[in-house]
Amino acid sequence: MKVKVLSRNPDDYIRETKKDIQRVPRNYDPSLHPFEVPREYSRALNAVKLERVFAKPFLASLDGHRDGVNCMAKHPQSLSSLLSGACDGEVKIWNLTKRECVRTLQAHEGFVRGMCVRFCGTSFFTTGDDKTIKQWDMNGPGYGEEEEPLNTILGKSVYTGIDHHWKEGTFATCGQQVDIWDEQRTSPIRSFSWGVDSIISVRFNPVEPELLASCVSNRSIVLYDMRQATPLKKVIMKMRSNALCWNPMEAFMFTCANEDYNLYTFDMRRLDSPVMVHMDHVSAVLDLDYSPTGKEFVSASFDKSIRIFPADSGHSREVYHTKRMQHVICVKWSSDSKYILSGSDEMNIRLWKANASEKLGVLAPREKAALNYNQKLKEKFQHHPKIQRIARHRHLPKTIFSQIKELRIMRNAQRRKLMNVRKHSKSGSVPVMTERKKHMVAVVE
Amino acid sequence: MSEQLKKSEYDTCATRGSVRQTVNMAKKRKVASGETASKTSKKKASQRDAAPGVVEEEFLPTEHADSASEDEGRSDDERKHQKLLEAIGSLDGTKRKKLAERSEASAQVSEFAVSAEGGGEKIDLSDLLGTMQQARPSISRTRKQLRNLQNCKATLDLPLSQQETQKIQRVVAYKKSREDVSRWKNVVIQNRKAEQLVFPLNQEPSGPRPVEQVVAGWKARTPLEQEIFSLLHKNLQPITSPVLTPHEQASLKAMSLEEAKMHRAELQKARALQSYYEAKTKREKKIKSKTYHKVLKKSKRKDVLKEFEELRKTDPAAALEELKKMELTRMKERMSLKHQNSGKWAKSRAIMAKYDEEARKAMQQQLEMNKQLTQKLAVPSDSEEEEGAGEAEAVPDFVNDAQPAADPSNPWLMGKLRAEPAAEEGAEEGAEEGAEERAEEKPEAEQQQQQEEEEEEEGEEDALLREFEERRQLREAESPDQLLPPEKGEKSEEADMEEEEVSEFNSLFQRLVGGRREPPGKRVTPKPRREDSAPPADEGAEREQRPLLDEGLMRVQTLEDLDLLSQGVTGESDGPAPECKAPGPSSEGEGRNEGGQEVKKKKKKVISLSQVLTKEAKVIQVPVAPTAIEEEEGEEVQKMIIKEAFAADDVISDFLKDKRRQAEESRPKVVDLTLPGWGEWGGVGLKPSKRKSRRFRIKAAPPPPRQDRNLPDVIISEKRDASIAAHQVAQLPFPFENPTQFERSVRMPVGQTWNTQRSVQKITAPRVVTQLGAIIEPMAKEDFLQGKSAQAAGKLPDIALTSSGGDPKKRAKGFRKKGAPRHREHQKDQQPSEETEA
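Listed in order, the protein sequences are those of chains L and U.
Under our numbering, read the first sequence as residues 324 to 768, first letter to last.
Under our numbering, read the second sequence as residues 1184 to 2021, first letter to last.
Here chain L stands alone, though its shape is the one from the complex (with noise of 0.2 angstroms):
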């Protein structure tokens, strides 16, 4: 006859070392273990309150500017080192670790419009509202040596913005046109001019770097190629775009901020209405810059706060905004997408994290699996009303908070005139236009 003994293996229970987690068996039958959507529910409400709990993303100011920050540049080598130029003409170079000016340089008179660092990291390019394009060295001078740009190019106008090819030692300028330059030569390599209208800023492509794109004052964005002898096309909206940047991961993508409060991204291949409007800004957004993942960008606008967009939803996921910082003039993601930089009006620089509840650091093992699975948990149950509400829920300075409200009734208002206008003409006279359509004016080949 067969005996059957309970038998155990003590490799099953017992630790080999004393550092070892100890073993817990574990039955997964579902019915040891009811009630699992009620149990995770409630995981995933503790897990959104504690997100919020530990929502603190203000990390660091810089101050050292004597005027307005008015461009900022990221080292292409280097996370911790970044480049800022103010409005009275000076140049800082920050060590972001220290949290300190390494190194200040008078670059221009008046304005220092754009800057760009060479895609190599050895020197870097500013212009300024004296006419002239400059480029410095990153390392300082010696000891005893003076301050002095490696180049300075002489122009016969203003130029308003700067940056640098990713791959090449070219350069593209704008102003009264759009100039290629080689660092080598003095004079621009190719010029394009579409009309005669001042160009606010102009972006290179990192991922196909001979295109690049402008935004124009005359509220139009252009496109061009650095091989081709015209602009390329030409899109016209209702009202200006004061910054440009190209998702660096999907090559045809770019999203403008606009003077009409929102942000546009467009598919350069159909440029006919944006694939996407941002809406969350209560003024106009001055600048933009896209997280190296190309999953989301952070926009920086008048309305004195910083947004967090994901780059396929029309509303953002995170405003940051403190009491004292002023309209945000430029803004820039770090390159390893966990750090924002804002630079203000009020002379600071303002280090910012992407993900305001974040633990920095290394984190264990365990750890991370903890923060993983809230992670997912928030995300399966974000539709429901107790756990959105919380997930959602941000304190706005009040100015803002009550320019949001008036900006809905006023839409709301338009809305309903329009649906009147509508309900009384002839069916058709009024056509229904899309959130996307509506801010278009035309697209000029």
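It should be emphasised that the hints constitute simulated quantities derived from the structure, not laboratory data.
Treat the hints loosely; a few may be bogus.
[As the list claims (entries may be wrong)] Residues of chain U placed beyond 12 angstroms of chain L at every Cβ, according to the derived structure:
| no. | residue |
| --- | --- |
| 1 | 1366 |
| 2 | 1419 |
| 3 | 1497 |
[What the hints assert, rightly or not] When the alpha-carbon atoms are kept at most 27 angstroms apart in a straight line, the in silico BS3-like pairs for lysine-lysine are as follows:
| no. | chain 1 | residue 1 | chain 2 | residue 2 |
| --- | --- | --- | --- | --- |
| 4 | L | 749 | L | 761 |
| 5 | L | 557 | U | 1452 |
| 6 | U | 1368 | L | 325 |
| 7 | U | 1452 | L | 661 |
Where is the CB? At the ideal position from N, CA and C, for every residue including glycine.
For this one, chain L is given, so just place chain U on it according to the hints.
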């Protein structure tokens, strides 16, 4: 020489370079006079663009002495030489035109670097044609055409305006760059859909690199290395992991996991079967009944004989072997005294034989056994004699004839029981015989009978065996004291006791046999048919009985059965089973009738089931039928019918009642909290006082007015609980298409409590993973555009090592697909193609 110089100078064109060229040449002539003219001219052609300094250096070997001073005085020399040339030119006397000399880069100079010589003169078409005056007629034709053209007055179109040309240029340019950009479409879509993206995108995987990469571009240089590689090559040693030679792979392949599993399952099954068999044999061995064993042995022997017979037919050689074996046993038997009634047991039996019939019989049997074993075996050649001697036992023919042994349920074969007491046996035999005769009724009954007798005998053992089996079952079923007697009866030695027991046993046995013997009556008729000797006279009777009696061999052919086939297959198939179980009536007629009834009952049941169904259908059809007939009268009738049908239902009042009931239910109830006997007397027949009940009755606040109070024909359910609703999703969220989909997404738990660790890891993996402190570069062209990197993949190491491991291209590709997209290594190979594109 000066003449020559002049000529050459006038021939060459006016650009600065060429002038300098001539100067150089002149200088060269002056210095290196040994050189031939042809060589210098060649040099001139090759050094058209070279700077003068370079020329100088090239000719250094020829001018040994004054090389140092040459450099200093060069420009001076040049100038002098120029002057000289001019002087020579003016010597000629004729006035030469000053050729335009290009001294500065500017757009004004014509691109052919030739100044228009006959500046102001107008060239006529006829001037050009004049040179071809005396040419072929084809030229005259073209001349005519040209003249026509000249006469033609139509003007060409104006060139497009600048705006328009620019527009066209822009359109073309945009189209091109759009195409460029759309190459990214697939990559972008893929990244958008990806479950998880790990940034930076093209990381080198940590850990050791695969051998394949290390080996790539490595050469065997020293003879030792070459020798090693040749050895490896011989062994077909692969370089990729898993590092297995083809032989090893083949051996691994030989038994895959599934095969191993199957093999194991087979082994398990075999083991199980073996254990069953062992258990069975053990059980059988334990049976103490001697009769059982006797019968078993006999049947075994029969089986052996049968097998032998078959063997003789199919494989004579093997049969001969068998025969030899039998011979051997015979010899042994003859030598031994085993069955000679000389053993201990036999002697004791002999003492008993006087009184005990059993003992006598046993002794007899032993002797018989001896006789059998010592008998000479039947040799195939003289089989007729053997047959004539009636040696049915040795080689029974009938075994091969028909089925009987194969048909265990054949009741015909369960006739006699030899072990029974003689009296019983006789009676039984008589009855049996009678039954047979009645059933058969044939003229040539004798032969048949003989055969059947044989069959009987053969069947006897089977029956007996089955008997024992059944008895065993019965024993299990009945209480132990009831089943003891038969065994005791066999063993006990007191006669009276024995008689009692035997009678009891017999009665029991008879009951069993009765059950058994009832079927033989039925089986009687089919028998002749099987042997193809049934007389036609019986056919009628047979046909009558067929549906009742036949087991299912020929049934399908009859008409009735065809009719019944559809319904009664199942009923008939389990027909015989109840027959066996049913307690057997003594007379066969009754049995037949009863059996028939039973079968019919069965069939009826089956049919009735289906009939019920058809009846139901008919019930529905009844009201429809008249309307179909009276269709002309139309809907009124229909309405009437519906009205009649629902005459009893008052829908409206029902609805009102329902509404009232729901309103009643939703009204909050009065809660009575009075406790009888609390503070006063309690008991049977005593009620709590009114004051108290009034005090402890709690009335709920009146509910808000019902939403449907003013809507007479609507019921709005107010069961929705506001406190729960606050936690529920009110609207279907965007990506979901229906509520079930959404609910499913919520229902599935993701935590560790419900899932294994690995699945939790998989489920909760974040969409985007970034590394702390790693710079994420924008997507690079060479990393992701597939078509270009294809050629770069085919990088081969020089050594023949790779050829052993299969196609290196394929392997390289496969590897890349597995890991993160890594194209960095091929960047170098990429660049040329990109440059050409740019």
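What hint numbers does the structure not satisfy? Structure breaks hints 1, 5, 6, 7.
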